[in-house]
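**Student:** What follows is each chain in one-letter form.
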Amino acid sequence: MTNRIIKQHPCLDSSKPSLVEREAYLKQLDRLQKASQPSKAYQEMVDQLRKATQPSKAYQEMVDQLRKATQPSKAYQEMVDQLRKATQPSKAYQEMVDQLRKAAQPSKAYLKQLEAAERLRKIFEQYAKH
Amino acid sequence: MPSTNYSDQVFINCPFDGQYPDMYRACIFAILDSGFVPRCSREVDNATEFRLAAIVRIIRDCRYGIHDLSRVELDPRSRLPRFNMPFELGVFYGAQQFGSARQKRKHCLVLEKEKYRYQKFISDIAGSDVAQHQNNQNLLILAVRNWLVTASRRTTIPSGTDINKRFKLFQSDIRHICIKGSIDYDSMPFVELVKNMTDWLRHNQMVHAPLFAP
Chain A
1 MTNRIIKQHP
11 CLDSSKPSLV
21 EREAYLKQLD
31 RLQKASQPSK
41 AYQEMVDQLR
51 KATQPSKAYQ
61 EMVDQLRKAT
71 QPSKAYQEMV
81 DQLRKATQPS
91 KAYQEMVDQL
101 RKAAQPSKAY
111 LKQLEAAERL
121 RKIFEQYAKH
Chain B
131 MPSTNYSDQV
141 FINCPFDGQY
151 PDMYRACIFA
161 ILDSGFVPRC
171 SREVDNATEF
181 RLAAIVRIIR
191 DCRYGIHDLS
201 RVELDPRSRL
211 PRFNMPFELG
221 VFYGAQQFGS
231 ARQKRKHCLV
241 LEKEKYRYQK
251 FISDIAGSDV
261 AQHQNNQNLL
271 ILAVRNWLVT
281 ASRRTTIPSG
291 TDINKRFKLF
301 QSDIRHICIK
311 GSIDYDSMPF
321 VELVKNMTDW
331 LRHNQMVHAP
341 LFAP
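Chains as they are written, first to last, in the working numbering: chain A, 1 to 130; chain B, 131 to 344.
So here's chain B without its partners, still in its complex pose:
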């Protein structure tokens, strides 16, 4: 398997709560099926590394970043908003602005539930490209795929329809395997999920026609 480099890695700054687990999985799958490597703070299992230090390290390794702000809302118990995602978007933006020449090549996609909702809590990013997914995994996959095609100019990325179909097939297969092995799919750690998706994609290879003439 080829080694990963800066231009292959995509930082995922998405909500990991149990309310929309398939959205999170769809995002990871779309990145892998497009030929990129998903990275996120959940891959860190080293208790000695500070969470923020780990996030900074991962952001430094990634040329691309996906920031889903759809879950920035008041916590029902504390009545306080969750700021982790806008904060990590700020770190990514800062790296792009103040980093080395390599860091200046960073690209990011901001995702929202509804159009213009972000302007109510983070109006500074007004004017940036913000895609909406309406908590729909098909729209999320399409947004991630289209943005990766535009940002990377790669011609080997499958169509959104293909990725969607394959994601549904993967979900069906992995759920079947988990039921057979009495494994709780919903609590599967990020690294294990990525490993299963990678292996599934390797066993279900498809050949793509180039999007653009060479």
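So here's chain A without its partners, still in its complex pose:
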């Protein structure tokens, strides 16, 4: 088999594309763009994989039920709140505790006398050393 050679006309400018060549380039570009997109079979496989890795509906329902079951009931929650309130000290008790705390603190005069006594003790200690 021999291939016939198409020869170039001497007046033709081969640097400028003809209408036919431009159309061929556009078709080629179109083909390349299509080729660079994933095929339909590939896309279907990806969809199937995505579906396969998603949890089933029955499983999802079971998880929801378990979540509900592990949550404390409303009645239990109310009882806990009441207990928390009951174990908190009353206002009157709190005031009494505050007054007692104040009463147990030493008076200002007593503190001054204590400081003076402390100074005297230091002086006596110094005399005793000499």
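Possibly wrong hints are sitting among the right ones.
Result set (BS3-like, lysine-lysine): computed pairs, CA atoms no more than 25 angstroms apart in a straight line [said to hold, decoys possible]:
1. A:7 with B:298
2. A:7 with B:295
3. A:102 with A:91
4. B:310 with A:27
5. B:310 with A:34
Using C-beta positions, here's what the derived DEER-type ranges look like [claimed, not checked]:
6. B:152 with A:29: 28 to 36 angstroms
7. A:36 with B:217: 33 to 41 angstroms
8. B:182 with A:34: 24 to 32 angstroms
9. B:135 with A:36: 38 to 46 angstroms
10. A:48 with B:298: 43 to 51 angstroms
11. B:298 with A:13: 34 to 42 angstroms
12. A:32 with B:268: 36 to 44 angstroms
13. A:48 with B:314: 18 to 26 angstroms
14. B:311 with A:5: 28 to 36 angstroms
15. A:35 with B:182: 22 to 30 angstroms
16. A:26 with B:316: 20 to 28 angstroms
I should point out that these hints are in silico values taken from the structure, not numbers from a laboratory.
Keep in mind that this is a model prediction, so the values were computed, not measured.
We put the beta carbon where it would ideally sit given N, CA and C, even for glycine.
Use these hints to put chain B onto chain A, whose structure you have.
**Tutor:** Structure of chain B alone, referenced to chain A:
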């Protein structure tokens, strides 16, 4: 693309009027698909070159010549015949007779609409091989193809049926492209037409079996 030489070039002396544009295109296509280069006075766009000088220059470059005398008829307005085609045939014949050794290797095909019609206006060429195409592009392609096979002895020329099929495909493709691009195919210049045909043939390569055993 290979450069063209004397034995590859075919001078086309055909009517370019708008009445049979597909005949003109079929002739160009058959030459290109056979592996030759069509040349004609329409490729000249240089206003400084005289038309006759351009024709003589092109004839000198071409070993082969196709002369279609089918449109030698009276102009409906002037009532005078058109003599350009018989005149260019005369120039080609003269080059073959009086030219150099290279010019003496010239071959020409004379085409007519009907058998023996030419004898009524150019009886001097009686006895020469004159093919008739009956204004049918299939017959024209076949005549051009068969003559090129005989004159050149090349074995790579496709069959007339193949060229016809491919010409129809080309016509369909180029018309579609022209419609898409709002281009008037009927007014496409010779050089642009040849460029499109050449590129189309390059993009639609076919492998041919040799006609003769090597």
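**Student:** State for each hint whether it applies.
**Tutor:** To see whether the hints hold, each was checked on the structure:
1. A hinted pair counts as satisfied when its Cα atoms are at most 25 angstroms apart, and residue 7 (chain A) with residue 298 (chain B) qualifies at roughly 21 angstroms.
2. About 20 angstroms separates the Cα atoms of residue 7 (chain A) and residue 295 (chain B), which keeps this hinted pair within 25 angstroms; it holds.
3. Restraint check: the Cα-Cα separation between residue 102 (chain A) and residue 91 (chain A) comes to about 17 angstroms, which is no more than 25 angstroms; the hinted pair holds.
4. Simply put, residue 310 (chain B) and residue 27 (chain A) have alpha-carbon atoms about 14 angstroms apart, close enough for the 25 angstroms limit, and the pair holds.
5. Of the supplied pair hints, the one linking residue 310 (chain B) and residue 34 (chain A) holds, its CA atoms being roughly 22 angstroms apart against a limit of 25 angstroms.
6. Checked against the hint of 28 to 36 angstroms, the C-beta distance between residue 152 (chain B) and residue 29 (chain A) comes to roughly 31 angstroms, which is consistent with it.
7. For residue 36 (chain A) and residue 217 (chain B), the hinted distance range of 33 to 41 angstroms is not satisfied, since their beta carbons lie about 59 angstroms from each other.
8. As the Cβ distance of residue 182 (chain B) to residue 34 (chain A) is approximately 54 angstroms, the hint placing it in 24 to 32 angstroms is violated.
9. Look at residue 135 (chain B) against residue 36 (chain A): about 44 angstroms separates their beta carbons, and that is inside 38 to 46 angstroms.
10. In this structure, residue 48 (chain A) and residue 298 (chain B) meet the distance hint of 43 to 51 angstroms, their C-beta atoms being roughly 47 angstroms apart.
11. At roughly 28 angstroms, the beta carbons of residue 298 (chain B) and residue 13 (chain A) sit outside the given window of 34 to 42 angstroms.
12. Distance hint check for residue 32 (chain A) and residue 268 (chain B): the Cβ-Cβ separation is about 38 angstroms, which falls inside the suggested range of 36 to 44 angstroms.
13. Residue 48 (chain A) and residue 314 (chain B) have their C-beta atoms about 53 angstroms apart, which leaves the hinted 18 to 26 angstroms range violated.
14. Distance hint check: the CB atoms of residue 311 (chain B) and residue 5 (chain A) are about 29 angstroms apart, consistent with the given range 28 to 36 angstroms.
15. Separated by about 55 angstroms at the C-beta atoms, residue 35 (chain A) and residue 182 (chain B) break the suggested range of 22 to 30 angstroms.
16. Between residue 26 (chain A) and residue 316 (chain B) the beta carbon distance is about 24 angstroms. The supplied range of 20 to 28 angstroms therefore holds.
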